[in-house]
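Colleague: What follows is each chain in one-letter form.
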Amino acid sequence: MNKLQSLENAIATIPDGAIIMVGGFGCPGTPFTLIDELVNQGQSRLTLIKNDANESGLGISKLIENGQVKKLITTHIGLNKSVVAMMNDGVIEVSFHPQGILAEKIRTAGAGSYGFLSDIGVDSEITDPRQLITWQGNTYKLEEALPAQFALLHAATADYFGNLVYRASAMNFNPLMAMAADQVIVESPRIQEPGSLAPASVHTPSAFVSSVVPLDQLGDAYGLMPGRVTDEVS
Amino acid sequence: MNTDRMLNRAAAEIASGQIVNLGIGLPTQLINYLPESVDVLIQSENGVLGAWKQASKETADAALIDAGGVYTTTREGSCFFDSAVSFAMIRRGKVDMSVMGAFEVDELGNLANWKIPGRFSPGIGGAMELAQKTPRIVILCSHNDKRGNPKILKRCTLPLTAKRCVSRIITDKAVMDVTKEGLLLREIAENIQLDDLLAQTGAELKVSDQLERF
Chain A
7 MNKLQSLENA IATIPDGAII MVGGFGCPGT PFTLIDELVN QGQSRLTLIK
57 NDANESGLGI SKLIENGQVK KLITTHIGLN KSVVAMMNDG VIEVSFHPQG
107 ILAEKIRTAG AGSYGFLSDI GVDSEITDPR QLITWQGNTY KLEEALPAQF
157 ALLHAATADY FGNLVYRASA MNFNPLMAMA ADQVIVESPR IQEPGSLAPA
207 SVHTPSAFVS SVVPLDQLGD AYGLMPGRVT DEVS
Chain B
30 MNTDRMLNRA AAEIASGQIV NLGIGLPTQL INYLPESVDV LIQSENGVLG
80 AWKQASKETA DAALIDAGGV YTTTREGSCF FDSAVSFAMI RRGKVDMSVM
130 GAFEVDELGN LANWKIPGRF SPGIGGAMEL AQKTPRIVIL CSHNDKRGNP
180 KILKRCTLPL TAKRCVSRII TDKAVMDVTK EGLLLREIAE NIQLDDLLAQ
230 TGAELKVSDQ LERF
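Protein chains in written order, with this note's numbering: chain A, 7 to 240; chain B, 30 to 243.
Since the hints were made in silico from the structure, they are not lab data.
One or more of the hints may lead you astray.
[Claimed, not checked] Heads up, simulated BS3-like pairs for lysine-lysine below, C-alpha to C-alpha not over 27 Å straight-line:
id, chain 1, residue 1, chain 2, residue 2
1, B, K123, B, K86
2, B, K123, B, K82
3, A, K76, B, K144
4, B, K144, B, K86
5, B, K235, B, K175
6, B, K192, B, K209
7, B, K235, A, K87
8, B, K144, A, K77
9, B, K183, B, K144
10, A, K87, B, K123
11, A, K76, A, K87
12, A, K68, B, K144
13, B, K235, B, K183
[Said to hold, decoys possible] Label pairs and their in silico Cβ distance ranges:
id, chain 1, residue 1, chain 2, residue 2, range
14, A, R136, B, P164, 30 to 38 Å
15, A, G63, B, A41, 48 to 56 Å
16, A, Q198, B, E219, 33 to 41 Å
Remember, predicted model here, so these are calculated numbers, not experimental data.
Cβ coordinates follow ideal geometry from the N, Cα and C atoms, glycine included.
All chains should be modelled from the sequences, with the hints used to inform the complete structure.
Modeller: Right, dumping it as structure tokens:
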């Protein structure tokens, strides 16, 4: 039941070529420490699934800029000039999905199903005609479930069974990815004894979590981004 | 470009009782132009219902941003949720209005704002679902691009985000409605002549009988 694991050991279970989901929307909910360890260990040919590419020099952008990533499955990378340039140069393959469709593909995999029918973008260039299904007179797009081998997540609080609680907008994709990956590695700055979290307040049940990595200290990436806040707001 | 004028005008679109999503860039700034009396729930697709004004250094929380990455605050009665719930809310039409930017918008209400092939492809983000499923789409963008080319066109040339989805277009120069008869010019900025506006627009504009200045 005790899923506490060291940072090094938890990340060492990830092989080259792995398909990895990474929590976070922008900075909140991004597991910066787990990502930095993956940069240190140097696994290569990775496929990453994340809402965005963080920003240059930060989070998964480090992995991408370091040449460890062959494919990124995402929704929006407009805030990361480095990754946009690498995509334009053909250095990395980027697959874009509508944000809620990416979330739902992950949620579907996490629910043990294989796909769902949607009408989002049916007549747009993101739809391959082979995905279209006509049922009772309506045309839908078959969206396949999107599972992964690993998920790297950040939780505000965890117990060492792996029950997780997220904070504010740091929830985002984390609880969905927790359910959709085979091996779920979670970092958290607050690890508590089982029994100390109110059962009804748990966002992700421990059954979905493989490893809990304690964060002794939070680096700069977890703080307010420099230059993004001013004393005076207009 | 007078962004204050645009944002003030766009803020007037938001009425009490609505749930409103604001797109990355100019639209998210709109929240700072809302009068305190407006009782609205701002939906931020990263998982916030009830986002409020931009945070100061004292109030900023590293775990609380809007969808554009700006530190935000929340109003009373707000809640947080995951990305699947956020887009369930959007696809089920629970968000009443969305204000978003555009690369191009045309007289049929077609919208292109996710991809300029070969130049800039930031990605779809939440735009496709918002454009397709939100009852009222208001576009807030510059009237012309950096090279002076019109963004308001007879037909979009870029890959579409969604077809026939736009209700109203607010630019630094004009307020236009998409109607069955094409684009109806309702308001014109104080600093531009009608002839100049028409010359800087890539679609035919029908001029309202009650044309106003803003």
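Colleague: So, for every hint listed, does it hold in this structure?
Modeller: Evaluated hints:
no. : hint                        : verdict
1   : B:K123 / B:K86              : violated (32 Å)
2   : B:K123 / B:K82              : holds (22 Å)
3   : A:K76 / B:K144              : holds (22 Å)
4   : B:K144 / B:K86              : violated (34 Å)
5   : B:K235 / B:K175             : holds (25 Å)
6   : B:K192 / B:K209             : holds (14 Å)
7   : B:K235 / A:K87              : violated (40 Å)
8   : B:K144 / A:K77              : holds (19 Å)
9   : B:K183 / B:K144             : holds (19 Å)
10  : A:K87 / B:K123              : violated (33 Å)
11  : A:K76 / A:K87               : holds (17 Å)
12  : A:K68 / B:K144              : holds (25 Å)
13  : B:K235 / B:K183             : holds (13 Å)
14  : A:R136 / B:P164: 30 to 38 Å : holds (32 Å)
15  : A:G63 / B:A41: 48 to 56 Å   : violated (40 Å)
16  : A:Q198 / B:E219: 33 to 41 Å : violated (60 Å)
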